[in-house]
Every structure is written in structure tokens, then in C-alpha cells.
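Top to bottom, those sequences are chains A and F. Residue numbering for the first sequence is 1 to 434, as defined by this note's numbering. Residue numbering for the second sequence is 435 to 578, as defined by this note's numbering.
In short, the hints are calculated from the structure, not lab data. Note that the coordinates shown come from a computational prediction; the quantities given were computed from them, not determined experimentally.
Derived SDA-like pairs (lysine to any residue); straight-line CA-CA distance at most 25 Å: (1) F:Lys447 with A:Ile360; (2) A:Lys408 with F:Thr473; (3) F:Lys438 with A:Asp387; (4) F:Lys447 with A:Gly415; (5) A:Lys408 with F:Gln474; (6) A:Lys302 with A:Pro324; (7) F:Lys494 with A:Ala386; (8) F:Lys447 with A:Asp368.
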Amino acid sequence: MNYCYQPEIEQAPREEITRIQNERLVNTVKRVYEKVPLYRERMDEAGVKPEDIKGIDDLYKLPFTSKQDLRDTYPFGMFAVPMEEVIRLHASSGTTGKQIVVGYTQNDLDCWGDIVARQLAAAGITKNDKVHVAYGYGLFTGGLGIAEGARRLGCTSIPVSSGNTARQITILQDFGSDVIACTPSYAMYLGESAEKAGVDTSKLPLRAGIFGAEPWTEEMRREIEKSLNIKAYDIYGLTEIMGPGVAYECSEQKGMHVNEDHFIIEILDPETHKPVPDGEKGEIVFTCLSKEAFPLIRFRTKDIGTVTHEKCACGRTFVRMSKPMGRIDDMLIIRGVNVFPSQIETVLLQMNLSPNYQIIVDRKGVLDTLEVQVEITEGSFSDTIADISRLEHELTDRLKSTLGIAAKATFVAAGSIARSEGKAKRVIDRRNLV
Amino acid sequence: MFIKQLSVFVENKQGALSQIISLLSDSGVNMRAVSIADTQDFGILRIIVNDIDLALDTLKDNNVIVRANNVIGVELTDKPGSLAQVLELLTAGGVNVEYMYAFVTPGNADAAYLVLRARHNEKAEKILAENNYKMLSDDDIKNM
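Excised from the complex, chain F in its bound form (with noise of 0.2 Å):
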């Protein structure tokens, strides 16, 4: 099970960044967790929603640049080693990780939530499944 993110190209100067941040929120999209990735010229804006289709259209009807793609959400104990875990089992079935990042909600405090996309995400989805780790579904975060 996947769930969808939103990926935005934004451009490394002042301002850039809230414009986009700012379009979400006039619109009344809530976000779940967010990071960043940058160069030295551009970065790369990835979030994940409650609402991807509001999300998608405000942005493009802004002529702003987005993508939606599959990422693998997966639900941790929010503890020492969990993580740990995780990236062993991954690196024992071959899979290479891309990029990362957690988020917690105060709704369930024992839970950390960990978005991640490997370069062969559907393996590394089969791989935590197998191993009976807990998958968000869009629904899920819908409803967090």
C-alpha cells in the first residue's frame, strides 16, 4: 500500500517557499508532514495532505509545478531502534532508500509515522509487509 505526496519545485530565493506554503493554507489544506530537499539553486517541497486533490488543484491553477507520486507510509513504535529496524531490513533485501522523513500525531502518542521512497519502492513496500509493519493507506491520513 502506497499513499500519494505531493512533490513542488521551488526555487532557491526569498519568498518562494511561503508563496507556496500560503496558496495551501488560503485553500484549507491541512498538511501532515513536510520536508525539504535543496541545491544550491532549487529545492524540492514534499508534503503530504489530508486533501491531495484540493492540494493538486490549487497549485496547478497556479501555475505552480507539482507532482503526485506513491511513497511508502509506515506506521513505527515511536522508540529507540524502530527505525534502526527498519533500514536493516531494507538493506538486507537489497533495497536503496532515496530520502526520508518522520512525522508524529498527537492522536496516537505512542506511533511515529515514517514516509520514505526507495529507488524499487514497490520492493521495499513488500519487504515491510511481509514483516508486518503497519502501511498508511490515503484514508488513513485523511482521517489522522
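If we strip away everything but chain A, and leave its shape as in the complex, we get (with noise of 0.2 Å):
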């Protein structure tokens, strides 16, 4: 069952995988310091010469590499091959400021289907198997990156593409799609959809869901294996490195093994930059290894997560990182702990209380309080004070357990949390130390 499409690579001991990076790491420093100007000019500032970088020990002593540095050098300042050797391109939606246009080389291309297939093969996918992409096809990495996997591993692949919600159901139903790939958000709504059209889901052979680009939470998970009676898999990838299949989950479902002969992982303290230990938050940065075409060298990608290098029971030898737990210009630093509004959105939803939630932080003397303010809902709100104080209790010790401080839970009027554009305000910090 737990099947790998490369056993030999993600069944390797770890000396093999470091004799791997270490060697791949040395041939990208030298690559990007004789092509990329940004990096040559970073490595001379900072004093390294490549020959200074003889494997993953010396990983520190390289410069990062921001979102900023890939906006500056837009489109193709970052590209260390010349555009003959470029046979794609792609671009991030520029969601949160301008694009970034991102190229590959048939070995690129080659290497994105590898580690694709990696993570069909990880979901139980076979060559027999039909793949209904429903990620958007396009400068979009999601689609034709599936789709590189799909053909990589030899199964079917139907480029549905995104939208056309009835259409999809008419596909999955007439073509009988095995497996689906779309973001997590829209399997819910194709789930909801396909309920209100009457489809009964368990008559469906759909076995399968590789879900990704965007942040979803284990409640989601549960809700869409529900709804399309299937197994749902995460996948993490972004543009700048190279698309969906960066990480991939196995059918253990306790992280998602990070392809380390492509990719380097850290996880950073945000302050002081500086790797922790596994298990403990930080920024999640990336290092090609065997980019062509757009080799990032320590990537800062603002995600927050952990990493284990805990031995899987799935054989796969691969660190594990988890889901990103938010974005680091979220985070707060309370009382010296990191916290994230996503943390306490979590365990609202655990809870069944409202979404509509502010966290408050103060300073009492030199105390630093925390305070999560939810809105009672019709299914929160009962008639005794004692049911009401029980559950402040319980959300108050979930809230210490999960953030690691204690916090006051404190229940307030329905639409009390005020909001702009539809949207709460989610933070007040009044601790003003200037």
C-alpha cells in the first residue's frame, strides 16, 4: 500500500541524503555566484566566495533571499540560464504585491514531475488511476504541475481546469475520476455542490484528494472526506520554488516529507535567524538544489511552521515539516512565545464558537496579558451562567495547551467584534514601549 515512486531517494538513509545536498549545494552556490548578479553582489557583501561553501554546514553563511529581491529583479533578473534554455515560465498571482515570474528548463520540468509523482505514488495513485486536475491551468504553478506528475507517473490526467462547478460534477460522475487535485477551499465547495445537485459522493470510484495552495485546517480535512467520501492529502509548494510537490504528505498523514535531494529546509527563529530545534516554530526557509533555471539560495517564504526528523512509519526518510501555522507578519511575541491568530482559530473551530474572535495584548506592569474575545453564538449561548463560565473554562485551558501561555477567554455580544470591509480587526496590541 505505502508504495514509493522512488524508493531508492526517499527510502535513503540520511548520510546519502546529505552526500546528496552537500554536492548539489556547492555546484548551485557556484552557479548562481557566476549567473545571478543579486547573488554575486549578496556573496561578495557578505564576504563568501563560493569555494568557502563545502556542503549544508556552511549553509548559514549564505545570504537570504526575500520576496522584495524577486520583485527588484522582475521578470527574469534571477534566471541563471540563458532564455534559449528556458522552455516554460510561470508567475505567482501576485496577490499580495507584483508578481514574480519564475522559469524552467526541461531538467526543471523533469525534477517538478519527479517529486509530483513522488506524491501521487504517496497517496495510493497508480498508473491505472484517473487524475481530475481542477487547479487552474495557466501561469498558475498548480495545474500543469499536477499534470507533469500525472504523465511522470503514467496515470490518466483530465485538465478539468478550475470553475464550471457543474461540469466538474458531470466529469466525476461520466469519467469517473479517481482522484481529484484542487485547492482545499474549493474541494468544500464542490462537496456542498455536488449534495445540493443530489450526487451521492459514495457512489463516486473518487478515492482520492491532493489538496493545496492555501492554508486549510484539520477540521477542513475532516469535513471534505466527508463530503466526497475520500481521503484528502496535503501538498505544499510555492511558486518560487517550484510549485505544488515541494512537500508532500504520506499515507501516514503526520507531516509532509520535504524532497530533500531538490530542497533544503530551515526553520528559523524569526528574530535572530538563527535554525531551532525540532519541534519549535520559526520561518520556514527553502534552498534549491537542483534548479536550473531559477534557483532560489535560502528563500524566505514568511510561512511559519516546524520541521521533525523523526523516523516515519512509512519508511519515507524525508524531515517532515508540518503545515504552515500562519505568516509571519501575523505573529505576535507574547510573554517571549510566539503566537498566531491562526492558533486560536483552530481552537474556536474545535470548539464550534464563533469565527468572529479579537485578541487583545496589554501590559500590566511588566506582565504581558493575552485576551481572546469571541462573540457568543445561538449554539454557544445557554441559559445558566454555569454552562457559560464551563466553556469560558474549557476555551481557556485549550487556548494554554495550544499556545503554550495562558490566556483569558472572555465571551461578548454578537457582532460586538467591530469590522471593516466585512473583515474583524483580529488584533489590538496596546502595548505601546516606545
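Make the complex out of the two chains shown on their own, each in a separate frame, by following the hints.
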């Protein structure tokens, strides 16, 4: 059941993975120093020569790459090969600023196909399966990236692309798709639409889903698994590094294996930029090892996550990263502990409470205080004080165990949390410590 | 027999209570009895009204979290000892009272009305009915 597309590398001993990483990092650094002016400039500034990088232990000497660097060099300034070798361009959506353009050589597309094929195989997909790709095809990496993996694995891909939900449902029924790949929010929507249309999803051959490209929760996973009657797999990727398939879930579903022969993952303390131990939260940073056209060194994703080197029951030896837990820009440091609004959201969801909440951080004397105000809902309101107090206590306890610091939980009236453009303002930080 | 009571979540801040009461008075709801249970951060306003549907619609339309629930309305003689007697009966029957409050009406000067909710509401109602207490209905409340 737990078969691998490339077991020789996916289950390689750590020493072998390190050997590959050392060798490829040395080559990549040499190449970017020669071909990418920005890297040459940065390394010269930092006084690092390519010869100083002998392996992954020297990674810390290398400068970071930020999203802003990619904007500043738009469109092709970070390309490390001449355009004649670039056979494909993709671009990020540019939702948070100017779009980013990335390029791929033939070898890049082959590697991409490999890592997506690993993901599909890890989800139990074989060449006998039909993969329904409802990610958008186009500049976005989702559609064509999954298609590349499906082609590599030899399955039948159905390039439905995004949108036209009624047609998606017809194709699921008539073509008998075994697997669907799309964003998790679209999968939720598809499940609801199928139900409305009176389609019994348990009668469909569909058995697995590959979901990524946006944040989603364990609760959403359960919801999708129920409504589409499938097993839902998480996939992590980002345009700047490759697209879908940078990291992938196996059937254990305990974190995503990072394709370490192609990428190095670092989890760094957001303040000191030093690596944090396994299990501790920090910023996710990637270095490309095999990319030819667009190889990034220590790219700061601004995503927050953790890694573990613990052995996975599936037999794969690649490290596992957590689902991103939030954005570094949203992070609050309270009593020295990193707190993310997304963690609080998860607790509220688990307890079936209102998603309308507000975090109030204040400082009493020398101590930071954290209060989470949640709007009361019909479901959480009871006629007796004791019931509401019990709920407040439960919320307080769960927040403490999730965040690692004490928080006061308070219920407030429905609609009382100020909203701007329909969205509630999440954080009020009253610690003005100038 | 039970009567319907409205419970409303009220934040413990200036103007919150007044806002809710104004909503009800503006829509012409008449209150028979009011009680407030409070904690440091919030309170629960419990009211008995002449027109439960109108009150519910008014509050829900204004995004106020409200619940209608069954409570016991019992008529007592307005004299010393009558409340004590009720509580003794309930205690003897093993019933725990969660909350209660009382009101009187000008229409019946000899009577006092007790609103109560017990952890075992049905059991409490049964004990009182068996002891020949007059239990109020929603119609009684409407016509007071």
C-alpha cells in the first residue's frame, strides 16, 4: 500500500541524503555566483566566496533571498540560464504585490514531474488511475504542475482546470475520476454542490484528493473527507521554489515529507535567524539544490512551521514539515512566546465557537496579558451562568495548551467585534512600548 | 405546565442592557418580570413577556443572541412562609433550584408569582402540581 515512486531516494539513509545535498549545494552556489548578479553582489558583500561553501554545514554563511528581491529583479533578473534553455514560464498570482515570474528548463520540468509523481504515489495513486485536475491551468503552477506528475507516473490526467462546478461534477460521474487535485476550499465547495445536486458521492469511484495552494485546517480535512467520501492529502509548494510538490504527505498524514534531494528546508527563529530545534516554530526557509533556471538560495517564505527528523512509519526518510501555521507578519510575541492568530482560530473551530474573535494584548506592570474575546453564538449561549463559565474555562484551558501561555477567554455579544470591510480586526495590541 | 422565558446575553458594559430593553419597548413588548444574573464580564437577562414571538423576532432581527426556554411559573399566596413551603417541597423531592425570581401583579393583590428553573425541571413541575399549586401557562402571562 505504502509504495514509493522513487524508493531509492525517498527511503535513502540520512548519510546518502546529506551527501547529495552537500554535492548539489556546492554546485548551485557556484552557479548562482557566476550567473545571477544579485547573488554575486550579496555574497561579495557578505565576504563569502563559492569555495567557502563545502556543504550544508556552511549554509548559514549564505545570504537570504526575500520576496522583495524577486520583485526588484522582475521579470528575469534571477534566471541562472540563458532564455534559450528556458522552456516554460510560470508566475505567482501577485496577490500581495507585483507578480513573480519563474522559469523552468527541461531538466527542471523533469524534476518537478518526479516530485509530484512521488506525491501521487504516496497517496496510493497508480498508473491505472484517472487524476481529475481542477487546479487552474495557466501561469499558476497548480494545474500544469500536477499534470506533469501524473504524466510522469503514467496515470490518466483530466485537465478540467478550475471553475464550472456543474461540469466538474458531471466529469467526476461520467469519466469516473479516481483522484481529484484542487484547492481545499474548492473541494469543500464541490462537496456542497454535489450534495445540492443530489449526487451521492459514495457511489463515485473518487477515493483520494490532493489539496494545497492555500491554508487549510484539520477540520476542513475531515469535512472534505466526509462530503466527497475520499482520503484528503496535503501538498505544499510555492511558485518561487517549484510549485506543488515541494513537500508531500504520505498515508501516515503526520506532516509533509520535504523532497530533500531537491530542496533544503530550514526553520529559523524569526528574530535571530538561527535554526530552531525539531518541533519548535520558526520561519520556513528553502534552498533549491537542482533547479537550473530559477535556483533560489535561502528563500524566506514568511510561512511559519516546524520540522521533525523523527522516523516516519511509511519508511520515507525525508524530514517532515508541518502545515504552515501562519504568516510571520501576523506573529505576536507575548511573554516571549510566538503566538499566531491561526492557532486561536483552530481552537475556536474545534469547539464550534464563533469565528469572530479578537485578540487583545496588553501589558500590566511588566507582564504581557492576552485576552481572546469571542462573540457568543446561539449554539454557545446557554441560559445558565454555570454553562457559559464552563465553556469559558474549557476555552481558557485549550488556548493554554495550544499556545503555551495563559490567555483569558471572554464571550462578547454577537456583532460587537468591529469589522472593517466585512472582516473583523483580529489583533489589538495595547503594548505601546516606545 | 411551563411558561416561556427569554434569556439574553448581555455584555457587562455601559449601555448594553439599556439597548436591549429599548429594542423591546420600541416594538411594544410588555415585560411581566425581569431578572439579571451577572458575572464580572457578562450577564444573562431573563425576562417574561406578554408576547414571546414579537420579543424573539425583535431581538433576533437586531442580531441579539437570545434563547426561549421553559421555566416554571407558580402562583403563591402573598404571605410569609409560602416561598419557604415551596422550597421545602422541592428539597424533599431532591430537586435543585438553579435560579428563581418573583413578581406581583396589580390584578391579583393576594398573589405573588414565582418563576423558577430547576436542574430537573419536569420533576419540579410534577412535585408542585401534585401539591395543588396553580401553575401558570403562557396564556395566563399574556392575559395578566
